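Fit chain V to the supplied structure of chain Z, relying on the hints for placement.
Same order as they appear, the protein sequences are chains Z and V. In the working numbering, each residue's number is its place in the first sequence (first place is 1) plus 175. In the working numbering, each residue's number is its place in the second sequence (first place is 1) plus 90.
The set of hints was computed from the structure by calculation and includes no laboratory data. Be aware that one or more of the hints could be misleading.
Calculated lysine to aspartate or glutamate pairs in the EDC-like style (CA-CA distance at most 16 angstroms, straight line) [to be verified]:
1. V/Lys189 with Z/Asp276
2. V/Lys112 with V/Asp139
3. Z/Lys241 with Z/Glu262
4. Z/Lys189 with Z/Asp263
5. V/Lys189 with Z/Glu234
6. V/Lys201 with V/Glu173
7. V/Lys158 with V/Asp117
8. V/Lys201 with V/Asp174
9. Z/Lys239 with Z/Asp263
10. V/Lys161 with V/Glu146
11. Z/Lys216 with V/Glu129
12. V/Lys132 with V/Asp174
13. V/Lys189 with Z/Glu275
14. V/Lys158 with V/Glu146
15. Z/Lys195 with Z/Asp263
16. V/Lys201 with V/Asp107
17. V/Lys189 with Z/Asp273
18. V/Lys132 with Z/Asp283
Here the structure is a predicted model, which means the values were calculated and not measured.
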Amino acid sequence: GAVVSQHPSWVICKSGTSVKIECRSLDFQATTMFWYRQFPKQSLMLMATSNEGSKATYEQGVEKDKFLINHASLTLSTLTVTSAHPEDSSFYICSARDLEDQPQHFGDGTRLSIL
Amino acid sequence: GENVEQHPSTLSVQEGDSAVIKCTYSDSASNYFPWYKQELGKRPQLIIDIRSNVGEKKDQRIAVTLNKTAKHFSLHITETQPEDSAVYFCAAMYTGGFKTIFGAGTRLFVKA
Numbered sequence: 176g177a178v179v180s181q182h183p184s185w186v187i188c189k190s191g192t193s194v195k196i197e198c199r200s201l202d203f204q205a206t207t208m209f210w211y212r213q214f215p216k217q218s219l220m221l222m223a224t225s226n227e228g229s230k231a232t233y234e235q236g237v238e239k240d241k242f243l244i245n246h247a248s249l250t251l252s253t254l255t256v257t258s259a260h261p262e263d264s265s266f267y268i269c270s271a272r273d274l275e276d277q278p279q280h281f282g283d284g285t286r287l288s289i290l
Numbered sequence: 091g092e093n094v095e096q097h098p099s100t101l102s103v104q105e106g107d108s109a110v111i112k113c114t115y116s117d118s119a120s121n122y123f124p125w126y127k128q129e130l131g132k133r134p135q136l137i138i139d140i141r142s143n144v145g146e147k148k149d150q151r152i153a154v155t156l157n158k159t160a161k162h163f164s165l166h167i168t169e170t171q172p173e174d175s176a177v178y179f180c181a182a183m184y185t186g187g188f189k190t191i192f193g194a195g196t197r198l199f200v201k202a
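The following block holds chain Z by itself, in its conformation from the complex (with noise of 0.2 angstroms):
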């Protein structure tokens, strides 16, 4: 159980397009969508938190209108990285939980390279 599916797994892309990634829970309800990025060898950077029908909630630092986030229903989440240009690059991954005292789960990743 608590299978989180994420979509792509790696982009290649110009410089000053824009990428949609999906983020689903698969057999439960995402109460909580949580963004990550994660860069080599380093921790999890939390971008943003979302709650299912509000405006998630961006980390000190991050750029709301630079990383677009959706979460319009319990099992989807995406993170919209609008004209992206090559210091975007890097490793998305979204994680979701249920209720607040259960662990979060983790989709695969996004591997993101902006030429």
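Here is chain V on its own, set in the frame of chain Z:
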């Protein structure tokens, strides 16, 4: 702000030996402590967790201990195997809030 410190950053052990990873948290309200294992290029996977009303929890070769007074918790892996090689993250959260604070990770190498 809230912080979780994790040590060591790198740990190398011989197959069959034990490995211990230690974490310290700053927010005394934290009451849930999961541990995740992340293999290269893959998702972090929950391997064990402990809540603040318990001092120790064991699942086969892995165990976690919690000292609430000292705000320390540790992961213990016994009889290590090469497939235990991965990055391990500790985390602390308050179940009444939203945020989980992760440690910086420990890269474990198990030499055959």
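Cross-check of the supplied hints:
Taking the CA atoms of V/Lys189 and Z/Asp276, the gap is about 11 angstroms. The hint holds against a cut of 16 angstroms. Taking the CA atoms of V/Lys112 and V/Asp139, the gap is near 14 angstroms; set against the 16 angstroms cutoff, the hint holds. Proposed proximity of Z/Lys241 and Z/Glu262 is supported: the alpha carbons are some 12 angstroms apart, at most 16 angstroms. Distance restraint check for Z/Lys189 and Z/Asp263: the Cα-Cα separation of roughly 12 angstroms lies within the 16 angstroms cut-off, and the hinted pair is therefore satisfied.
Taken as a hint, the V/Lys189 and Z/Glu234 pair is honoured in the structure, with Cα atoms around 10 angstroms apart against an allowance of 16 angstroms. For the suggested pair V/Lys201 and V/Glu173, the alpha carbons sit about 10 angstroms apart, so the restraint of at most 16 angstroms is met. As the CA atoms of V/Lys158 and V/Asp117 are separated by approximately 11 angstroms, the hinted pair is consistent with the 16 angstroms bound. A C-alpha spacing of about 10 angstroms is found between V/Lys201 and V/Asp174, which places the hinted pair at or below 16 angstroms, so the restraint holds.
Pair hint Z/Lys239 plus Z/Asp263 holds up; C-alpha atoms about 14 angstroms apart against a cutoff of 16 angstroms. Proposed proximity of V/Lys161 and V/Glu146 is supported: the alpha carbons are some 14 angstroms apart, at most 16 angstroms. Between Z/Lys216 and V/Glu129 the CA atoms are separated by roughly 11 angstroms; this keeps the pair inside 16 angstroms, and the hint holds. For the hint linking V/Lys132 to V/Asp174, the alpha-carbon distance of about 14 angstroms falls within 16 angstroms, and the restraint holds.
Restraint check: the Cα-Cα separation between V/Lys189 and Z/Glu275 comes to about 10 angstroms, which is no more than 16 angstroms; the hinted pair holds. For the proposed pair V/Lys158 and V/Glu146, the alpha carbon gap of about 11 angstroms is at most 16 angstroms, so the pair holds. Taking the CA atoms of Z/Lys195 and Z/Asp263, the gap is about 13 angstroms. The hint holds against a cut of 16 angstroms. A hinted pair counts as satisfied when its Cα atoms are at most 16 angstroms apart, and V/Lys201 with V/Asp107 qualifies at roughly 10 angstroms.
For the hint pairing V/Lys189 with Z/Asp273, the CA-to-CA distance comes to about 14 angstroms; that is within 16 angstroms, so the pair holds. For the hint pairing V/Lys132 with Z/Asp283, the CA-to-CA distance comes to about 6 angstroms; that is within 16 angstroms, so the pair holds.
Hint violations for this structure: none, all hints satisfied.
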